Amino acid sequence: MNTMLLQNGRIIDSANNLDCIGDVLIEHGVVAQISQTPIDFDGDTIDCTDCIISPGLIDIHVHFREPSNGKHEETIETGCASAIAGGFTTVCTMPNTTPAIDTPELVIQSIETANAIGLCRVLPTACATLERKGEQIAPIAELVAAGAIAITDDGDVVEDDAMMQAVLEQCREHNVPFMQHCQDPKETLGGVMNAGKAQQELGYGPWPRSAEESVIARDIGLNETIGASWHAQHLSSGGSVTLIREAQEKKIPISGEASPHHLLLTDEACKKIGTMAKMNPPLREKHDIALIKEGIVDGTITILATDHAPHPLATKELPFADASFGIVGLDCALALYARALLADNTIDWPHMLAMMTVQPASLINRQDLGQLRVGDKADITIIDPNCQWTIQSEEFSSRARNCPFDGWDVSCKAIATIYGGKIVFEALGSRIARCENTQ
-11 MNTMLLQNGR
-1 IIDSANNLDC
9 IGDVLIEHGV
19 VAQISQTPID
29 FDGDTIDCTD
39 CIISPGLIDI
49 HVHFREPSNG
59 KHEETIETGC
69 ASAIAGGFTT
79 VCTMPNTTPA
89 IDTPELVIQS
99 IETANAIGLC
109 RVLPTACATL
119 ERKGEQIAPI
129 AELVAAGAIA
139 ITDDGDVVED
149 DAMMQAVLEQ
159 CREHNVPFMQ
169 HCQDPKETLG
179 GVMNAGKAQQ
189 ELGYGPWPRS
199 AEESVIARDI
209 GLNETIGASW
219 HAQHLSSGGS
229 VTLIREAQEK
239 KIPISGEASP
249 HHLLLTDEAC
259 KKIGTMAKMN
269 PPLREKHDIA
279 LIKEGIVDGT
289 ITILATDHAP
299 HPLATKELPF
309 ADASFGIVGL
319 DCALALYARA
329 LLADNTIDWP
339 HMLAMMTVQP
349 ASLINRQDLG
359 QLRVGDKADI
369 TIIDPNCQWT
379 IQSEEFSSRA
389 RNCPFDGWDV
399 SCKAIATIYG
409 GKIVFEALGS
419 RIARCENTQ
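Residue numbers for the sequence shown, in this note's numbering: -11 to 427.
Read the hints as simulated data drawn from the structure, not as lab findings.
Here the structure is a predicted model, which means the values were calculated and not measured.
List time: in silico DSS-like cross-link candidates among lysine-lysine, alpha-carbon distance up to 30 angstroms: (1) LYS174 - LYS274; (2) LYS174 - LYS121; (3) LYS238 - LYS274; (4) LYS281 - LYS174; (5) LYS281 - LYS259; (6) LYS260 - LYS185; (7) LYS121 - LYS304; (8) LYS304 - LYS260; (9) LYS365 - LYS410; (10) LYS174 - LYS304; (11) LYS274 - LYS304; (12) LYS185 - LYS259; (13) LYS274 - LYS260; (14) LYS238 - LYS281; (15) LYS185 - LYS304; (16) LYS304 - LYS259; (17) LYS59 - LYS121; (18) LYS304 - LYS59; (19) LYS174 - LYS260; (20) LYS281 - LYS239; (21) LYS260 - LYS281; (22) LYS281 - LYS185; (23) LYS174 - LYS238; (24) LYS259 - LYS274; (25) LYS174 - LYS185; (26) LYS274 - LYS185; (27) LYS174 - LYS259.
Just the calculated beta-carbon pair ranges, DEER-fashion: (28) GLY191 - ALA331: 33 to 43 angstroms; (29) THR25 - LYS121: 57 to 67 angstroms; (30) GLY215 - ALA129: 10 to 20 angstroms; (31) ALA129 - ASP397: 43 to 53 angstroms; (32) ALA331 - GLN380: 16 to 26 angstroms; (33) ASP286 - ASP172: 18 to 28 angstroms; (34) GLU383 - ALA331: 18 to 28 angstroms; (35) PRO87 - ASP38: 42 to 52 angstroms; (36) PRO173 - ASN5: 39 to 49 angstroms.
Think of the CB as a built atom: it goes at the ideal place given N, C-alpha and C, for glycine as much as any other residue.
Let the hints inform the model, and build the full structure from the sequences given.
Here's what the structure looks like:
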(Lines of atoms letter the chains of each structure in order from A and count residues from 1; the text may use other names and numbers.)
(Lines give C-alpha, C1' and ligand atoms only; values in the text may rest on other atoms or scores of the structure.)
Protein backbone atom coordinates (compact mmCIF):
# COMPACT_ATOMS: atom_id res chain seq x y z
CA MET A 1 0.00 0.00 0.00
CA ASN A 2 1.69 3.21 -1.19
CA THR A 3 -1.48 5.28 -1.67
CA MET A 4 -3.25 6.43 1.49
CA LEU A 5 -4.61 9.40 3.41
CA LEU A 6 -3.16 10.50 6.75
CA GLN A 7 -6.11 12.23 8.33
CA ASN A 8 -6.56 14.89 11.02
CA GLY A 9 -3.04 14.87 12.47
CA ARG A 10 -0.81 17.66 13.74
CA ILE A 11 1.48 18.22 10.76
CA ILE A 12 4.90 19.49 11.84
CA ASP A 13 7.33 20.33 9.05
CA SER A 14 9.96 22.59 10.60
CA ALA A 15 11.73 23.11 7.28
CA ASN A 16 8.69 24.94 5.93
CA ASN A 17 7.42 26.45 9.21
CA LEU A 18 4.34 24.27 9.09
CA ASP A 19 2.55 23.38 12.32
CA CYS A 20 -1.15 22.76 11.83
CA ILE A 21 -3.94 20.20 12.00
CA GLY A 22 -4.56 18.69 8.61
CA ASP A 23 -4.39 15.85 6.12
CA VAL A 24 -1.55 14.43 4.03
CA LEU A 25 -2.39 12.49 0.89
CA ILE A 26 0.13 9.96 -0.41
CA GLU A 27 -0.23 8.68 -3.96
CA HIS A 28 2.08 6.18 -5.60
CA GLY A 29 4.70 6.64 -2.90
CA VAL A 30 4.96 10.44 -3.01
CA VAL A 31 3.32 13.30 -1.13
CA ALA A 32 0.44 14.38 -3.37
CA GLN A 33 -1.35 16.93 -1.19
CA ILE A 34 -1.04 18.67 2.18
CA SER A 35 -4.17 20.42 3.37
CA GLN A 36 -5.55 22.11 6.47
CA THR A 37 -9.06 21.26 5.27
CA PRO A 38 -10.30 17.67 4.94
CA ILE A 39 -9.25 15.90 1.75
CA ASP A 40 -11.94 13.91 -0.03
CA PHE A 41 -10.39 10.51 -0.59
CA ASP A 42 -11.83 7.09 -1.36
CA GLY A 43 -9.20 4.65 -0.18
CA ASP A 44 -7.05 3.53 2.73
CA THR A 45 -7.12 6.08 5.54
CA ILE A 46 -5.10 6.36 8.72
CA ASP A 47 -6.78 8.33 11.50
CA CYS A 48 -4.02 10.49 13.00
CA THR A 49 -6.17 12.33 15.54
CA ASP A 50 -4.06 13.45 18.53
CA CYS A 51 -0.91 12.31 16.70
CA ILE A 52 1.92 14.15 14.96
CA ILE A 53 2.65 13.72 11.26
CA SER A 54 6.36 14.41 10.81
CA PRO A 55 8.87 14.04 8.00
CA GLY A 56 10.65 10.72 8.41
CA LEU A 57 13.20 10.90 11.20
CA ILE A 58 16.91 10.91 10.32
CA ASP A 59 19.77 9.58 12.45
CA ILE A 60 23.20 10.54 11.14
CA HIS A 61 25.18 8.39 13.57
CA VAL A 62 24.55 4.63 13.78
CA HIS A 63 26.72 1.51 13.84
CA PHE A 64 25.32 -1.49 11.95
CA ARG A 65 28.52 -3.63 12.12
CA GLU A 66 28.28 -4.87 8.52
CA PRO A 67 30.58 -6.10 7.10
CA SER A 68 31.75 -8.00 10.18
CA ASN A 69 33.49 -11.20 11.21
CA GLY A 70 31.19 -11.67 14.20
CA LYS A 71 28.17 -13.99 14.22
CA HIS A 72 26.31 -12.04 16.88
CA GLU A 73 26.80 -8.51 15.57
CA GLU A 74 24.17 -6.10 14.32
CA THR A 75 23.56 -6.29 10.57
CA ILE A 76 22.16 -3.80 8.11
CA GLU A 77 18.88 -5.73 8.19
CA THR A 78 18.53 -5.86 11.99
CA GLY A 79 19.73 -2.27 12.27
CA CYS A 80 17.13 -1.11 9.76
CA ALA A 81 14.44 -3.01 11.67
CA SER A 82 15.51 -1.20 14.81
CA ALA A 83 15.49 2.14 12.98
CA ILE A 84 11.94 1.88 11.66
CA ALA A 85 10.69 0.69 15.06
CA GLY A 86 11.98 4.02 16.37
CA GLY A 87 10.46 6.06 13.55
CA PHE A 88 13.62 6.57 11.48
CA THR A 89 13.38 6.41 7.70
CA THR A 90 17.00 7.41 7.03
CA VAL A 91 20.18 6.44 8.88
CA CYS A 92 23.84 7.18 8.27
CA THR A 93 26.09 4.22 9.04
CA MET A 94 29.61 4.57 10.44
CA PRO A 95 32.60 2.96 8.67
CA ASN A 96 34.28 1.30 11.68
CA THR A 97 33.34 -2.14 10.40
CA THR A 98 35.47 -5.19 9.59
CA PRO A 99 36.86 -4.40 7.09
CA ALA A 100 36.53 -0.64 7.41
CA ILE A 101 34.53 1.17 4.72
CA ASP A 102 37.49 2.71 2.89
CA THR A 103 36.86 1.61 -0.71
CA PRO A 104 34.16 2.61 -3.21
CA GLU A 105 33.18 -1.05 -3.54
CA LEU A 106 32.31 -1.31 0.15
CA VAL A 107 30.29 1.92 0.01
CA ILE A 108 28.29 0.57 -2.92
CA GLN A 109 27.85 -2.79 -1.18
CA SER A 110 26.30 -1.09 1.86
CA ILE A 111 23.86 0.86 -0.28
CA GLU A 112 22.87 -2.14 -2.39
CA THR A 113 22.39 -4.35 0.66
CA ALA A 114 20.07 -1.80 2.27
CA ASN A 115 18.16 -1.20 -0.95
CA ALA A 116 17.52 -4.93 -1.29
CA ILE A 117 16.16 -5.05 2.26
CA GLY A 118 13.95 -2.03 1.61
CA LEU A 119 13.05 -1.08 5.18
CA CYS A 120 14.67 2.34 5.30
CA ARG A 121 17.28 4.48 3.56
CA VAL A 122 20.87 3.69 4.54
CA LEU A 123 23.42 6.37 3.67
CA PRO A 124 26.95 5.16 4.43
CA THR A 125 29.79 7.31 5.64
CA ALA A 126 33.33 6.34 4.66
CA CYS A 127 36.77 6.48 6.20
CA ALA A 128 39.01 9.52 6.27
CA THR A 129 42.13 7.34 6.35
CA LEU A 130 42.80 3.83 5.11
CA GLU A 131 41.67 1.24 7.68
CA ARG A 132 41.07 4.18 10.07
CA LYS A 133 44.76 4.04 10.99
CA GLY A 134 45.47 7.72 10.43
CA GLU A 135 48.51 6.97 8.29
CA GLN A 136 47.31 7.37 4.70
CA ILE A 137 44.40 9.41 3.42
CA ALA A 138 41.52 7.43 1.95
CA PRO A 139 40.39 8.02 -1.67
CA ILE A 140 37.81 10.59 -0.63
CA ALA A 141 36.84 11.64 -4.16
CA GLU A 142 36.07 8.05 -5.13
CA LEU A 143 34.25 7.34 -1.86
CA VAL A 144 31.98 10.35 -2.33
CA ALA A 145 31.34 9.43 -5.97
CA ALA A 146 30.31 5.95 -4.81
CA GLY A 147 27.72 7.41 -2.45
CA ALA A 148 29.42 8.21 0.88
CA ILE A 149 27.55 11.14 2.43
CA ALA A 150 30.22 12.04 5.01
CA ILE A 151 33.82 11.27 5.87
CA THR A 152 34.85 10.04 9.33
CA ASP A 153 37.19 7.72 11.17
CA ASP A 154 34.55 7.41 13.89
CA GLY A 155 35.82 5.38 16.80
CA ASP A 156 39.19 7.04 16.31
CA VAL A 157 40.31 10.62 15.90
CA VAL A 158 42.42 11.78 12.97
CA GLU A 159 45.31 12.58 15.26
CA ASP A 160 48.02 13.97 12.97
CA ASP A 161 47.59 17.68 12.23
CA ALA A 162 48.86 17.49 8.65
CA MET A 163 46.64 14.51 7.90
CA MET A 164 43.65 16.29 9.42
CA GLN A 165 44.33 19.34 7.28
CA ALA A 166 44.54 17.20 4.14
CA VAL A 167 41.26 15.46 4.98
CA LEU A 168 39.48 18.76 5.57
CA GLU A 169 40.77 20.13 2.26
CA GLN A 170 39.46 17.05 0.44
CA CYS A 171 36.10 17.31 2.19
CA ARG A 172 35.77 20.94 1.19
CA GLU A 173 36.75 20.19 -2.40
CA HIS A 174 34.16 17.44 -2.70
CA ASN A 175 31.44 19.22 -0.69
CA VAL A 176 31.06 16.54 1.94
CA PRO A 177 31.00 16.99 5.74
CA PHE A 178 33.69 15.62 8.01
CA MET A 179 32.46 14.02 11.24
CA GLN A 180 35.03 14.00 14.02
CA HIS A 181 35.30 11.52 16.88
CA CYS A 182 36.72 13.99 19.40
CA GLN A 183 39.10 11.98 21.55
CA ASP A 184 42.79 12.65 22.03
CA PRO A 185 44.12 9.13 22.73
CA LYS A 186 47.10 10.50 24.63
CA GLU A 187 44.69 11.81 27.28
CA THR A 188 42.55 8.69 27.56
CA LEU A 189 45.12 5.93 28.02
CA GLY A 190 43.53 3.56 30.54
CA GLY A 191 40.52 5.84 30.82
CA VAL A 192 37.07 4.27 31.02
CA MET A 193 34.83 6.90 32.65
CA ASN A 194 34.58 10.60 33.31
CA ALA A 195 37.39 11.99 35.44
CA GLY A 196 35.66 13.08 38.62
CA LYS A 197 34.29 12.14 42.02
CA ALA A 198 32.40 9.03 40.88
CA GLN A 199 35.44 7.76 38.98
CA GLN A 200 37.65 8.25 42.02
CA GLU A 201 35.18 6.40 44.23
CA LEU A 202 35.05 3.46 41.82
CA GLY A 203 38.78 3.47 41.18
CA TYR A 204 38.50 3.32 37.37
CA GLY A 205 40.78 5.05 34.90
CA PRO A 206 39.94 8.73 34.28
CA TRP A 207 38.76 10.17 30.95
CA PRO A 208 39.03 13.97 31.17
CA ARG A 209 36.89 16.51 29.34
CA SER A 210 40.05 17.96 27.86
CA ALA A 211 40.43 14.84 25.69
CA GLU A 212 37.35 15.98 23.78
CA GLU A 213 37.82 19.72 24.01
CA SER A 214 41.44 19.70 22.80
CA VAL A 215 40.50 17.96 19.55
CA ILE A 216 37.68 20.41 18.92
CA ALA A 217 39.99 23.36 19.57
CA ARG A 218 42.65 21.90 17.27
CA ASP A 219 40.19 21.30 14.45
CA ILE A 220 38.61 24.73 14.77
CA GLY A 221 42.06 26.23 14.30
CA LEU A 222 42.75 24.11 11.23
CA ASN A 223 39.34 24.70 9.69
CA GLU A 224 39.29 28.46 10.19
CA THR A 225 41.15 28.94 6.90
CA ILE A 226 39.97 25.77 5.13
CA GLY A 227 36.23 26.21 5.62
CA ALA A 228 35.11 22.60 5.31
CA SER A 229 31.84 21.45 6.87
CA TRP A 230 33.08 20.03 10.20
CA HIS A 231 30.80 18.19 12.63
CA ALA A 232 31.45 17.08 16.23
CA GLN A 233 29.97 13.71 17.08
CA HIS A 234 28.38 12.72 20.42
CA LEU A 235 29.24 15.83 22.46
CA SER A 236 29.67 15.11 26.16
CA SER A 237 31.43 18.15 27.64
CA GLY A 238 29.95 21.54 28.37
CA GLY A 239 33.27 23.10 27.44
CA SER A 240 32.94 21.63 23.96
CA VAL A 241 29.66 23.49 23.47
CA THR A 242 31.37 26.75 24.36
CA LEU A 243 34.17 26.12 21.85
CA ILE A 244 31.69 25.35 19.07
CA ARG A 245 29.58 28.41 19.87
CA GLU A 246 32.63 30.67 19.72
CA ALA A 247 33.69 29.16 16.39
CA GLN A 248 30.21 29.66 14.95
CA GLU A 249 30.32 33.30 16.00
CA LYS A 250 33.43 33.61 13.80
CA LYS A 251 31.43 32.06 10.92
CA ILE A 252 33.56 28.89 10.90
CA PRO A 253 31.37 26.05 9.50
CA ILE A 254 31.18 23.95 12.67
CA SER A 255 28.25 21.90 13.99
CA GLY A 256 27.59 19.34 16.70
CA GLU A 257 25.21 16.62 17.84
CA ALA A 258 23.78 15.44 21.16
CA SER A 259 22.86 11.86 22.06
CA PRO A 260 20.14 10.62 24.45
CA HIS A 261 22.54 9.25 27.05
CA HIS A 262 24.51 12.51 27.29
CA LEU A 263 21.25 14.35 27.94
CA LEU A 264 19.76 11.99 30.53
CA LEU A 265 22.55 10.21 32.42
CA THR A 266 25.55 11.27 34.48
CA ASP A 267 28.64 9.37 35.56
CA GLU A 268 26.76 8.41 38.73
CA ALA A 269 25.00 5.81 36.56
CA CYS A 270 28.26 3.83 36.47
CA LYS A 271 27.71 3.07 40.16
CA LYS A 272 24.16 1.84 39.62
CA ILE A 273 24.16 -0.02 36.31
CA GLY A 274 27.84 -0.70 35.75
CA THR A 275 28.96 -1.39 32.21
CA MET A 276 25.58 -0.44 30.72
CA ALA A 277 26.68 3.12 31.53
CA LYS A 278 30.09 2.75 29.88
CA MET A 279 30.18 5.11 26.89
CA ASN A 280 32.66 6.69 24.51
CA PRO A 281 32.77 9.58 25.21
CA PRO A 282 31.84 8.91 28.82
CA LEU A 283 28.86 10.18 30.74
CA ARG A 284 29.76 13.45 32.44
CA GLU A 285 28.05 15.49 35.17
CA LYS A 286 24.87 17.51 35.63
CA HIS A 287 26.45 20.80 34.66
CA ASP A 288 27.58 19.30 31.35
CA ILE A 289 24.00 18.28 30.61
CA ALA A 290 22.85 21.81 31.43
CA LEU A 291 25.38 23.34 29.05
CA ILE A 292 24.51 20.89 26.26
CA LYS A 293 20.86 21.84 26.70
CA GLU A 294 21.81 25.52 26.53
CA GLY A 295 23.58 24.76 23.28
CA ILE A 296 20.44 23.13 21.93
CA VAL A 297 18.24 26.06 22.95
CA ASP A 298 20.46 28.71 21.35
CA GLY A 299 21.14 26.69 18.19
CA THR A 300 24.79 25.87 18.82
CA ILE A 301 23.87 22.18 18.68
CA THR A 302 21.50 21.54 15.79
CA ILE A 303 21.31 17.75 15.52
CA LEU A 304 20.16 14.85 17.70
CA ALA A 305 21.88 11.55 16.89
CA THR A 306 21.83 8.28 18.80
CA ASP A 307 25.32 6.83 18.26
CA HIS A 308 23.47 3.49 18.17
CA ALA A 309 26.28 1.11 19.19
CA PRO A 310 25.12 -2.51 19.51
CA HIS A 311 27.29 -5.06 21.31
CA PRO A 312 26.73 -8.70 22.31
CA LEU A 313 25.82 -8.91 26.00
CA ALA A 314 28.91 -11.04 26.62
CA THR A 315 31.11 -8.02 25.93
CA LYS A 316 29.10 -5.95 28.42
CA GLU A 317 29.33 -8.60 31.13
CA LEU A 318 33.10 -8.27 31.39
CA PRO A 319 34.76 -6.25 34.17
CA PHE A 320 34.18 -2.52 33.70
CA ALA A 321 37.69 -1.80 32.43
CA ASP A 322 37.41 -4.50 29.76
CA ALA A 323 33.78 -4.15 28.71
CA SER A 324 32.72 -2.61 25.40
CA PHE A 325 31.85 1.07 25.14
CA GLY A 326 28.43 2.09 23.89
CA ILE A 327 24.69 1.41 23.92
CA VAL A 328 21.83 0.82 21.50
CA GLY A 329 19.44 3.68 20.94
CA LEU A 330 17.28 3.55 17.81
CA ASP A 331 14.24 1.74 19.22
CA CYS A 332 13.69 4.20 22.06
CA ALA A 333 15.50 7.42 21.04
CA LEU A 334 12.40 9.48 20.28
CA ALA A 335 10.90 8.86 23.72
CA LEU A 336 14.21 9.63 25.39
CA TYR A 337 14.64 12.91 23.53
CA ALA A 338 11.09 13.84 24.51
CA ARG A 339 11.88 13.10 28.14
CA ALA A 340 15.15 15.05 28.04
CA LEU A 341 14.00 18.08 26.08
CA LEU A 342 10.20 18.35 26.05
CA ALA A 343 9.22 17.24 29.54
CA ASP A 344 10.98 20.23 31.12
CA ASN A 345 10.12 22.60 28.24
CA THR A 346 13.73 23.00 27.16
CA ILE A 347 12.42 23.16 23.57
CA ASP A 348 9.14 22.39 21.79
CA TRP A 349 8.08 19.76 19.27
CA PRO A 350 8.92 21.77 16.12
CA HIS A 351 12.42 22.50 17.42
CA MET A 352 13.08 18.91 18.43
CA LEU A 353 11.78 17.48 15.18
CA ALA A 354 13.90 19.95 13.20
CA MET A 355 16.92 18.44 14.96
CA MET A 356 15.81 14.99 13.79
CA THR A 357 14.75 15.88 10.23
CA VAL A 358 15.74 18.99 8.28
CA GLN A 359 18.90 19.79 10.26
CA PRO A 360 20.63 16.42 9.76
CA ALA A 361 19.43 16.40 6.14
CA SER A 362 21.06 19.79 5.63
CA LEU A 363 24.38 18.64 7.11
CA ILE A 364 24.64 15.73 4.67
CA ASN A 365 23.47 17.85 1.72
CA ARG A 366 20.23 15.93 1.22
CA GLN A 367 17.70 18.70 0.72
CA ASP A 368 15.30 16.07 -0.66
CA LEU A 369 14.95 14.64 2.85
CA GLY A 370 13.71 15.92 6.19
CA GLN A 371 10.66 17.85 5.03
CA LEU A 372 7.13 17.37 3.71
CA ARG A 373 6.66 18.80 0.23
CA VAL A 374 4.28 17.89 -2.54
CA GLY A 375 6.16 15.72 -5.02
CA ASP A 376 8.71 14.39 -2.50
CA LYS A 377 9.01 10.72 -1.60
CA ALA A 378 6.64 9.97 1.25
CA ASP A 379 9.01 9.32 4.16
CA ILE A 380 6.80 10.04 7.16
CA THR A 381 6.76 9.26 10.88
CA ILE A 382 3.48 9.24 12.80
CA ILE A 383 4.05 9.96 16.47
CA ASP A 384 1.76 9.52 19.45
CA PRO A 385 3.14 12.16 21.85
CA ASN A 386 1.16 10.77 24.78
CA CYS A 387 1.77 7.05 24.35
CA GLN A 388 2.79 5.56 27.70
CA TRP A 389 5.12 2.59 27.48
CA THR A 390 8.00 0.86 29.23
CA ILE A 391 11.35 0.40 27.52
CA GLN A 392 12.06 -3.34 27.40
CA SER A 393 15.29 -4.14 25.60
CA GLU A 394 14.32 -7.77 25.03
CA GLU A 395 11.62 -6.48 22.68
CA PHE A 396 14.01 -4.39 20.57
CA SER A 397 14.32 -5.13 16.88
CA SER A 398 18.08 -4.70 17.24
CA ARG A 399 20.17 -7.79 17.86
CA ALA A 400 21.69 -6.07 20.88
CA ARG A 401 20.28 -5.47 24.35
CA ASN A 402 22.90 -3.12 25.79
CA CYS A 403 20.50 -0.39 26.91
CA PRO A 404 20.88 1.60 30.16
CA PHE A 405 17.25 2.74 29.91
CA ASP A 406 15.79 -0.76 30.25
CA GLY A 407 12.71 -0.57 32.47
CA TRP A 408 12.21 3.18 32.12
CA ASP A 409 8.61 4.37 31.82
CA VAL A 410 8.38 6.89 28.99
CA SER A 411 5.82 8.93 27.07
CA CYS A 412 5.82 9.31 23.28
CA LYS A 413 6.27 6.70 20.58
CA ALA A 414 6.57 6.43 16.83
CA ILE A 415 3.49 4.35 16.06
CA ALA A 416 3.88 4.16 12.30
CA THR A 417 6.83 4.57 9.97
CA ILE A 418 6.22 5.19 6.27
CA TYR A 419 9.11 4.80 3.83
CA GLY A 420 8.57 5.66 0.20
CA GLY A 421 4.82 5.61 0.74
CA LYS A 422 4.83 2.13 2.25
CA ILE A 423 4.06 1.39 5.89
CA VAL A 424 7.18 -0.45 7.02
CA PHE A 425 6.38 -0.37 10.75
CA GLU A 426 3.21 -0.08 12.77
CA ALA A 427 3.19 -0.45 16.55
CA LEU A 428 1.11 -3.27 17.96
CA GLY A 429 -1.89 -1.96 19.80
CA SER A 430 -1.60 1.36 18.01
CA ARG A 431 -4.47 3.84 18.40
CA ILE A 432 -4.17 4.46 14.66
CA ALA A 433 -6.78 2.47 12.79
CA ARG A 434 -6.13 1.65 9.16
CA CYS A 435 -9.37 1.05 7.32
CA GLU A 436 -10.35 0.01 3.82
CA ASN A 437 -12.93 2.31 2.23
CA THR A 438 -15.02 0.43 -0.29
CA GLN A 439 -17.42 3.12 -1.50
